[in-house]
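Student: The primary structure of each chain is shown beneath.
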Amino acid sequence: MAIRGTEIKIEGLTHRYTPRSPVTFNRVDLVSPPGEALAIIGRSGCGKSTLLHILAGILKPTEGRVLLDGTAIEAPAPRWVMMFQAPHLFPWMTVSQNVGVGLSFGRWSKQETAERVTEAIKLVELEPWADNNVQDLSGGQQQRVALARSLVMEPELLLLDEPFSALDAFTRSSLQKDVRSIAKRKGFNIVFVTHDIDEAVIMGDRAVIMAGSPGNIVHELDIDLPDPRERTDAAVQALRTRLMTMFQEAANYKKPESATLA
Amino acid sequence: MSSATTPAAGGGFYRLAERFGWAVAGIGLVAGVWFLAGLWLAANPTTKTFTAFGLIPTLQAFPELWAAGKIQAAAAASGYRLGMGLLIAIAIGAPIGVLMGRIKWFNNYTNSPFQFLRMISPLAWMPLAVLVFSTWNGSIIFLIAIASVWPVMFATAAGLAKVDPAWFKVARNLGAKPWHMLTKVIMPAIMFDVLSGIRLALGVAWIVLVPAEYLGVTSGLGYAIEDARETLSYNHLTALVVTIGIIGYFLDGILVALIKRASWHRGGVS
Numbered sequence: 003m004a005i006r007g008t009e010i011k012i013e014g015l016t017h018r019y020t021p022r023s024p025v026t027f028n029r030v031d032l033v034s035p036p037g038e039a040l041a042i043i044g045r046s047g048c049g050k051s052t053l054l055h056i057l058a059g060i061l062k063p064t065e066g067r068v069l070l071d072g073t074a075i076e077a078p079a080p081r082w083v084m085m086f087q088a089p090h091l092f093p094w095m096t097v098s099q100n101v102g103v104g105l106s107f108g109r110w111s112k113q114e115t116a117e118r119v120t121e122a123i124k125l126v127e128l129e130p131w132a133d134n135n136v137q138d139l140s141g142g143q144q145q146r147v148a149l150a151r152s153l154v155m156e157p158e159l160l161l162l163d164e165p166f167s168a169l170d171a172f173t174r175s176s177l178q179k180d181v182r183s184i185a186k187r188k189g190f191n192i193v194f195v196t197h198d199i200d201e202a203v204i205m206g207d208r209a210v211i212m213a214g215s216p217g218n219i220v221h222e223l224d225i226d227l228p229d230p231r232e233r234t235d236a237a238v239q240a241l242r243t244r245l246m247t248m249f250q251e252a253a254n255y256k257k258p259e260s261a262t263l264a
Numbered sequence: 090m091s092s093a094t095t096p097a098a099g100g101g102f103y104r105l106a107e108r109f110g111w112a113v114a115g116i117g118l119v120a121g122v123w124f125l126a127g128l129w130l131a132a133n134p135t136t137k138t139f140t141a142f143g144l145i146p147t148l149q150a151f152p153e154l155w156a157a158g159k160i161q162a163a164a165a166a167s168g169y170r171l172g173m174g175l176l177i178a179i180a181i182g183a184p185i186g187v188l189m190g191r192i193k194w195f196n197n198y199t200n201s202p203f204q205f206l207r208m209i210s211p212l213a214w215m216p217l218a219v220l221v222f223s224t225w226n227g228s229i230i231f232l233i234a235i236a237s238v239w240p241v242m243f244a245t246a247a248g249l250a251k252v253d254p255a256w257f258k259v260a261r262n263l264g265a266k267p268w269h270m271l272t273k274v275i276m277p278a279i280m281f282d283v284l285s286g287i288r289l290a291l292g293v294a295w296i297v298l299v300p301a302e303y304l305g306v307t308s309g310l311g312y313a314i315e316d317a318r319e320t321l322s323y324n325h326l327t328a329l330v331v332t333i334g335i336i337g338y339f340l341d342g343i344l345v346a347l348i349k350r351a352s353w354h355r356g357g358v359s
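Protein chains in written order, with my numbering: chain A, 3 to 264; chain B, 90 to 359.
Keep in mind that the hints are not guaranteed to be accurate.
Claimed, not checked - Taking lysine-lysine and the BS3-like style, the derived pairs with C-alpha atoms no more than 27 Å apart in a straight line are: (1) A:Lys62 with B:Lys258; (2) A:Lys124 with B:Lys258; (3) B:Lys258 with A:Lys11; (4) A:Lys112 with B:Lys266; (5) A:Lys62 with B:Lys193; (6) A:Lys186 with A:Lys11; (7) A:Lys112 with B:Lys258; (8) B:Lys266 with A:Lys62; (9) A:Lys188 with B:Lys258; (10) A:Lys186 with A:Lys124.
Rather than coming from a laboratory, the hints here were simulated on the basis of the structure.
Using the sequences provided together with the hints, build the complete structure.
Tutor: What follows is the structure in structure tokens.
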């Protein structure tokens, strides 16, 4: 399963749900280099999930565009795959069938599908449950299936919308490390939305903070830490404190303005 | 992880034996009451004429009817009409049900006329069916179809209304085309409800079939019952009534098994 990253370019992105509804975010510019894990943090309502949905091609921007290595994102595609807050697995399918469902939408041979599904299941360490119905699994295991379902598509960009927020602390911590580790091994980009400052520091190479109404990027912080990262590391704690301070500053942010972050 | 528990083979056999035992006991009770009623009919001079309705004469009629090929011929003719009627009902009801469940304006637009049409007794269409269709078979198939289309349609729509919209979002996100949405998401998601609707439709169709076959046809279980009544062959009449029950019970059993197979609800997946 060879995956490569992609350069993400967000240019002047503006969104409102209907012509009469308020602007969700206004003229957002952002560049993310290939292989980067980018955290988007911010309070509820600042438009970070909407931004992620536009990156996935599920929503269309009102103005502006998103480019992946120069290709505009206009609709969902296997190159950019999104993982949601809840796993949303198909409950009538087994683990293997759920993992391979995206491949069944394309023109993959049976053999290739089987090989890729097996590898993806191995990657998320669910081999013993491959033939079980997904309803037999715990919440954390179901989220792993959702991760494998995304990874099997060999995306260049994996988008995660608070994917571990519903899980217990231990499972969340383990999945955060696993996702980062797999992304780094495979080289694909991650863009993830989170409310959790710890998650941003553990998983990200960089964090951007969105605030205001309409929302925009008001701060960014490079998270230049070695792997593996532990919550108890002094360097992690120090970056966490810095990010928290920025987050609190952003909470008091009033005037919207666009920012170009390269 | 909570893993699925596999019942021990012995436990499964015990449960099957227990269910079989209850079924035999229930049928035995009905047969016992029927037998006693037959004795009472025979013992009473005013009802003695109807002794042939009793259990023993009915059981004796079965080999006679079978040897004459009457049960097989009647069941085949009725089965054809029932099958065609149900097939038409499914072919019309399921797609319209999908549209009702998936498109809000279509549901709003069609709900009142469909509810209105549903409330018309299927047999009330009989004179119209006879006028419109050139064959008796056509009329009967139409009556069965119009009786069974509503349960299929409304069960499909109700099933689709329960489908998690997030499944469509996930499928779209993974590159699903409309055809994949139908075959990989919608159909497996609603199969339980569609089959439950078909089960209800089968019950209604089976009820409509017999009076519909009192029309001008010269084949089928309804016709055979009418014929037995006219020739005063009461034991044949009851044997045919029992045959209807047996076939209906058997068909219902098949659908129950299919519904169990299609059911995926366990309440464990978000």
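Student: For every hint, state whether the structure bears it out.
Tutor: Here's how the hints hold up against the structure:
Between lysine 62 of chain A and lysine 258 of chain B the CA atoms are separated by roughly 14 Å; this keeps the pair inside 27 Å, and the hint holds. Our distance criterion of 27 Å between C-alpha atoms is met by lysine 124 of chain A and lysine 258 of chain B, whose separation comes to about 26 Å. For the given pair, lysine 258 of chain B sits about 24 Å from lysine 11 of chain A by alpha-carbon distance, which is consistent with the 27 Å threshold. At most 27 Å may separate the alpha-carbon atoms for a hinted pair to count; lysine 112 of chain A and lysine 266 of chain B meet this at roughly 19 Å.
Of the pairs offered as hints, the one joining lysine 62 of chain A and lysine 193 of chain B holds, with about 23 Å between alpha carbons and a cut-off of 27 Å not exceeded. Between lysine 186 of chain A and lysine 11 of chain A, the direct Cα distance comes to roughly 20 Å. Compliance with the 27 Å bound is thereby established for this hinted pair. For the proposed pair lysine 112 of chain A and lysine 258 of chain B, the alpha carbon gap of about 25 Å is at most 27 Å, so the pair holds. With a C-alpha separation of about 18 Å, the suggested pairing of lysine 266 of chain B with lysine 62 of chain A holds against the 27 Å cut-off.
Of the pairs offered as hints, the one joining lysine 188 of chain A and lysine 258 of chain B holds, with about 26 Å between alpha carbons and a cut-off of 27 Å not exceeded. Pair hint lysine 186 of chain A plus lysine 124 of chain A holds up; C-alpha atoms about 17 Å apart against a cutoff of 27 Å.
When each numbered hint is compared with the structure, no violation occurs for any of them.
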